[in-house]
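Protein chains: 2
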Amino acid sequence: MRCFVLDGDVLRQGLNRDLGFSPADRAENMRRVAEVARLMSQAGLVVLVALISPYRKERAQARAIVSPENFLEVFVDTPLTICESRDPKGLYQLARKGKLPQMSGIGDPYEPPENADVVWRYDEHQAGDCSALLALVLQRLQG
Amino acid sequence: MRCFVLDGDVLRQGLNRDLGFSPADRAENMRRVAEVARLMSQAGLVVLVALISPYRKERAQARAIVSPENFLEVFVDTPLTICESRDPKGLYQLARKGKLPQMSGIGDPYEPPENADVVWRYDEHQAGDCSALLALVLQRLQG
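Just so you know, the protein sequences line up as chains C and B, in that order. Taking this note's numbering as reference, the numbering of the first sequence is continuous, increasing by one, and the terminal residue is 468. Taking this note's numbering as reference, the numbering of the second sequence is continuous, increasing by one, and the terminal residue is 468.
Hints were generated in silico from the structure; no laboratory data involved. Check each hint, because a few of them may be wrong.
Heads up, incomplete: computed chain B residues facing chain C, CB under 7 Å, no partners named [as the list claims (entries may be wrong)]: (1) R327; (2) F329; (3) G339; (4) L340; (5) E360; (6) V361; (7) A368; (8) G369; (9) L370.
This structure is a prediction, so every number in the text was calculated from the model and none was measured. Where is the CB? At the ideal position from N, CA and C, for every residue including glycine.
With the rest of the complex left out, here is chain C (with noise of 0.2 Å):
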């Protein structure tokens, strides 16, 4: 089984480098990862999506446009503090300066999942346990 990974930081520099933070181009690079995903997936491929997605609207957009049978939504759950103190490329610490303003979590909302098909939750996992996070995913496609 082949498998993709769409991430978002990558992709920011080439199918969506003409995309800024702000809201509307926030839901448009979502919708455009969406699409992309959907295509693979119709090519055979098993797509991981890693991208903050912040707004619900987006994800649940996201959901629709890849199919709903064909879709789990993972929220990797972990408090802002910790976001804050791991915080790998520094991001946080220029947000906090007024440096990044739309910094999701600081400066513009991040709207949690309520409904995820796969919570990972940052307490009972070691952060980057990929082993881990694909358990739980089977577990969901088999419950």
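Model the placement of chain B on the given structure of chain C, informed by the hints.
Leaving out everything else, chain B in the frame of chain C:
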């Protein structure tokens, strides 16, 4: 080997539904499709892109995006008079009535490729003979 067809008409109902037929929108249409073809190619698929792609500059850009060593430009070389006599969607007729001012080859330029990797001449093959086209592509890959 998995293949996938990226069809211009289909993509304009999805990924590119926000785009029209102005030169800027046509260029953006081609840019996005090239980016998607690149992603699919990275995922191990053979991608067949069926677009009008009327402008030389954007075809060169598409080649650069996908990667020059991984890209074949196929020119389906058919004179305008033959295209008009076929007119399966009635678009040429509309264009001649002035109802499609930006039709490629009528109101908007079609710039024929100068160095296509594969040339399919309308008078050497049956229209729609995919196996003959595939043979031309394979010849090119082996040559």
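For each hint, the structure was consulted:
This hint holds: B/R327 has a C-beta 6 Å from the nearest C-beta of chain C, less than the 7 Å allowed. Because the beta carbon of B/F329 sits about 4 Å from the nearest beta carbon in chain C, less than 7 Å, this interface hint is met. Among the interface hints, the one on B/G339 holds; its C-beta lies about 5 Å from the nearest C-beta in chain C, closer than the 7 Å criterion. Checking B/L340 against chain C by beta carbon gives a least distance of about 4 Å; that is within 7 Å, so the hint holds.
Residue-level restraint check for B/E360 holds (minimum Cβ-Cβ distance to chain C is 4 Å; threshold 7 Å). The restraint placing B/V361 at the interface with chain C holds, with a minimum CB-CB distance near 6 Å, inside the 7 Å limit. Hint on B/A368 holds. Least Cβ distance to chain C is approximately 4 Å, under the 7 Å limit. For B/G369, the interface hint holds, since its Cβ comes within 7 Å of a Cβ in chain C; the closest pair sits about 6 Å apart.
The beta carbon of B/L370 is positioned within 7 Å of a beta carbon in chain C (closest approach about 6 Å), and the interface hint is therefore held.
The earlier numbered hints are all upheld by this structure, with none contradicted.
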